[in-house]
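Asks: Please model the complete structure; the sequences and the hints are all you need to start from.
Numbering-wise (full-length UniProt numbering), the sequence shown opens with residue 1 and increments by one.
Note that these hints are calculated values from the structure, not bench results.
Glycine residues also receive a C-beta, built at the ideal position from the N, C-alpha and C atoms.
Among the clues, some could well be false.
[As the list claims (entries may be wrong)] Pairs of lysine-lysine residues, derived as BS3-like cross-links and limited to a Cα-Cα distance of at most 30 angstroms, are as follows: (1) 47 to 3; (2) 2 to 17; (3) 3 to 17; (4) 47 to 17; (5) 50 to 2; (6) 47 to 2; (7) 3 to 50; (8) 17 to 50.
[Claimed, not checked] Beta-carbon label-pair distances, calculated as ranges: (9) 51 to 14: 31 to 37 angstroms; (10) 41 to 2: 16 to 22 angstroms; (11) 38 to 1: 37 to 43 angstroms; (12) 6 to 35: 16 to 22 angstroms; (13) 1 to 39: 21 to 27 angstroms; (14) 51 to 12: 15 to 21 angstroms.
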Amino acid sequence: MKKWEYLTAPVLIHNTKMILDNFGADGWELVQIVQGATPEQLVAYFKREKQ
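Replies: Structure follows, in structure tokens:
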């Protein structure tokens with residue numbers, strides 16, 4: 001059975017692609033992005049398989 005690790009991270013609206021590309025390069029898969037406390041704040045949820 002696969003085991004997963006999870007990460008939450010803030011995402012800046014003006015730099016979204018670069019931030020997501022960096023996490024992807026480290027093996028993280030984006031699961032969901034939700035709005036934070038204000039419309040300008042986003043929170044990303046990632047997962048990757050544990051090694």
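Asks: Hint by hint, note whether the structure agrees.
Replies: Cross-check of the supplied hints:
1. Of the supplied pair hints, the one linking residue 47 and residue 3 holds, its CA atoms being roughly 10 angstroms apart against a limit of 30 angstroms.
2. Taken as a hint, the residue 2 and residue 17 pair is honoured in the structure, with Cα atoms around 28 angstroms apart against an allowance of 30 angstroms.
3. Pair hint residue 3 plus residue 17 holds up; C-alpha atoms about 27 angstroms apart against a cutoff of 30 angstroms.
4. Between residue 47 and residue 17, the direct Cα distance comes to roughly 18 angstroms. Compliance with the 30 angstroms bound is thereby established for this hinted pair.
5. Straight-line distance between C-alpha atoms of residue 50 and residue 2 comes to about 8 angstroms, which keeps the hinted pair within the 30 angstroms bound.
6. Distance hint between residue 47 and residue 2 is fulfilled; the C-alpha atoms sit about 12 angstroms from each other, no more than 30 angstroms.
7. A C-alpha spacing of about 6 angstroms is found between residue 3 and residue 50, which places the hinted pair at or below 30 angstroms, so the restraint holds.
8. About 25 angstroms separates the Cα atoms of residue 17 and residue 50, which keeps this hinted pair within 30 angstroms; it holds.
9. The hint said 31 to 37 angstroms for the Cβ distance between residue 51 and residue 14, and at roughly 33 angstroms that hint holds.
10. A hinted range of 16 to 22 angstroms for the beta carbons of residue 41 and residue 2 is inconsistent with their spacing of about 31 angstroms.
11. In this structure the hint that residue 38 and residue 1 lie 37 to 43 angstroms apart at CB holds, the actual value being about 39 angstroms.
12. Range check, residue 6 to residue 35: Cβ separation about 19 angstroms, and the 16 to 22 angstroms hint holds.
13. Look at residue 1 against residue 39: about 39 angstroms separates their beta carbons, and that is not inside 21 to 27 angstroms.
14. Roughly 29 angstroms separates the CB atoms of residue 51 and residue 12, a value that falls outside the hinted 15 to 21 angstroms.
Hint check: violations occur at hints 10, 13, 14; the rest are consistent with the structure.
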